[in-house]
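Colleague: Chain by chain, the residues:
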Amino acid sequence: MNLEEYKGVFVFVQQVDASITGVSFELVGKAKELAKDLDTDVTAVLLGDGIKALVDELAVYGADRVIVVDDPALREYTTEPYTHAMTEVIKEFKPEVVLYGATSIGRDLAPRVSARVKTGLTADCTKLEVDEETKNLRMTRPAFGGNLMATILSPEHRPQMATVRPGVMQKAKKDPGAKAEVVEFKPVFEKNNKYVEILEVIKKESNKIDIQDAKILVSGGRGVGSKENFALLQDLAEAVGGTVSSSRASVDANWVEKDRQVGQTGKTVRPDVYFAIGISGAIQHLAGMQESDFIVAINKDESAPIFDVADYGVVGDLNKILPLLTDQIKAAKSAK
Amino acid sequence: MKIIVCIKQVPDTNEVKINPATGTLIREGVPSIMNPDDKAGLEAALAIKDQTGAEVTVVSMGPAQADVMLREAMAMGADKAYLISDRAFGGADTLATSSTIAAAIKGMEYDLIITGRQAIDGDTAQVGPQIAEHLGIPNVSYAEDIRLEGNSLIVKRQYEDRYHMVKVQMPCLITALGEMNKPRYMTPGGIFDAFREKEVTVLTRADIEIEDQVIGLKGSPTKVAKSWPISVKPAGVKATGLDPQEAAEAIVEKLKEKFVF
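Which chain is which? The protein sequence lines are A and B, in order. Sequential numbering of the first sequence, starting at 2, is according to the working numbering. Sequential numbering of the second sequence, starting at 438, is according to the working numbering.
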């Protein structure tokens with residue numbers, strides 16, 4: 002493999018119902034930094050059906066070029082036509098780096114593409130940088146249930162491919178007037194045994210709260226004791242201007258819905274303030290929240306691991322402390 | 438009908454603790470378990486077996502001690518077990534692992550292959566789709582439910598904001614989510630048979646037709662440059678013996694220091 006032939010940082014742009022998923026803009030932002038270090042440019046790869054109008058949005062966030070594959074086969078995401086389109090783009094344009102969001106689309110598409118083009122893929126990266134000497138991409142990710150970090154290289158294969166966790170990279174500043182070169186690319190789609198049929202699309206209820214966007218999280222665990230008791234956390238959250246989140250234990254007990262779960266199998270959060278209420282602090286939970294700026298813990302159990310990461314911990318009964326805390330915060334705010 | 442379920446033995450990462458003094462992982466005494474998503478995949482296969490009398494074969498790649506997990510799978514109801522195990526396969530990344538497993542499966546009969554979505558030690562979710570690609574069959578990932586319909590499978594495929602009900606032709610591969618079902622327990626008779634009567638067939642390098650360039654460390658495009666335990670930041674203050682009023686006041690003071698309000 003002649004590595005020199007491969008140039009440019011490419012981003013797979015995820016769109017659903019002709020709306021670009023946030024992580025794709027984050028990746029364009031990151032790609033811009035990498036492209037600068039590699040002395041190359043950023044190409045967004047936009048796949049879908051009737052999606053050409055989205056090109057300008059990508060330019061505004063920093064794409065120099067947009068490759069558009071617009072075909073009815075790409076209307077809804079299914080594995081085979083998307084894999085085919087990405088593979089053909091890679092074969093034709095020979096990128097040195099390809100980034101995908103670590104979403105349930107990216108984590109299906111990217112491995113299938115990697116096996117088809119026979120290159121490496123690093124999953125769920127939280128950091129990407131260019132090695133100053135070799136110009137290889139250094140891809141860093143958590144492993145072992147969030148206990149270890151590992152830096153991965155793909156030194157002899159191109160493209161170097163990675164999926165990246167949503168919410169980790171920063172979008173670039175919008176440049177409202179920016180324009181990108183648009184390349185329409187038309188691979189041939191032929192139905193084969195790998196095509197599947199979508200019988201039905203069922204959208205989930207969208208009373209969406211995203212705990213990753215919250216500046217203050219009030220998070221409850223097993224120690225909260227019951228679904229009813231989460232009202233104490235809700236009161237505190239309202240007083241302090243925060244959002245309720247939870248540990249896995251509270252989700253498993255059906256006290257809280259899954260999309261509020263922090264941790265390895267939930268979401269990674271880094272709010273300004275994180276209240277850990279009745280959360281013992283399993284390693285998976287800590288992995289999802291320990292980068293919060295300021296962690297307050299309340300727990301009965303003096304030996305709970307949460308106290309190892311808390312900036313301020315109180316050993317005590319949350320049922321007694323929370324109502325007083327809520328009242329005092331309200332009082333302090335109204336005194337201002 | 439023949440179903441192959443790929444299962445992996447993993448350390449129970451819930452049980453891993455960090456030595457607060459050194460910041461290193463404490464691996465001793467961490468139990469090995471069947472990867473949870475894989476176990477859900479096995480249960481899905483066994484449910485089809487209950488319904489149709491399908492034959493269920495479990496396949497694993499790993500060191501010799503994975504034998505125990507394969508016998509556990511047979512004690513739950515799997516019919517046959519294969520362990521792909523050879524030093525030549527060691528150090529494999531996901532691409533080399535999937536190439537090896539696919540080459541082993543190529544020699545077997547199957548209508549359906551089930552893998553877990555991801556393993557709790559690596560969390561990559563790559564090996565399932567990659568096996569399907571090597572075998573030239575369709576895959577549907579993130580399956581929350583499956584049901585047979587003639588020569589097809591109807592899969593409830595999970596996304597962040599929606600589900601797709603997908604109809605896929607067999608032979609195919611699906612990757613199972615842990616929340617798909619509640620795996621059954623081993624039965625006493627099953628345990629007896631699995632550990633006394635049945636065999637785990639070991640497949641070594643010589644048993645699998647595959648090129649040297651695509652296996653093991655050498656066949657792995659990705660290399661681990663370095664790894665380190667996640668450092669836990671130094672502990673802050675832990676206040677004990679405060680009454681609730683004092684505790685609330687102390688927290689409010691801290692929040693004020695941080696300009697929360």
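If you are wondering where the hints come from, they were derived from the structure by calculation, not from laboratory data. The model shown is predicted, which means the values in this text are computed figures rather than measured ones. No residue lacks a Cβ here, since even glycine has one placed at the ideal position from N, Cα and C. A portion of the hints provided could be inaccurate.
Claimed, not checked - Computed footprint of chain B on chain A, listed as stretches where at least three residues anywhere in the stretch have a Cβ under 8 Å from a Cβ of chain B:
# : region
1 : 58-68
2 : 86-97
3 : 139-146
4 : 150-159
5 : 217-224
Colleague: Now look at each hint and say whether the structure bears it out.
Modeller: Quick rundown of the hints versus the structure:
1. Counting residues of the region 58-68 of chain A whose CB falls under 8 Å from any CB of chain B gives 0; the rule of at least 3 is not met.
2. Coverage of a stretch by a chain is defined here by at least three residues with a beta carbon nearer than 8 Å to that chain's beta carbons; for the region 86-97 of chain A and chain B the count is 0, and the condition is violated.
3. Counting residues of the region 139-146 of chain A whose beta carbon lies closer than 8 Å to any beta carbon of chain B gives 5, which reaches the threshold of three, so the coverage claim holds.
4. Three residues within the 8 Å Cβ limit are the bar, and the region 150-159 of chain A against chain B gives 9, so the coverage statement holds.
5. Figure legend: the region 217-224 of chain A, annotated as covered by chain B; annotation inconsistent (1 residues with Cβ-Cβ distances under 8 Å, at least 3 required).
Consistency with the previously given hints fails for numbers 1, 2, 5, ordered from lowest to highest.
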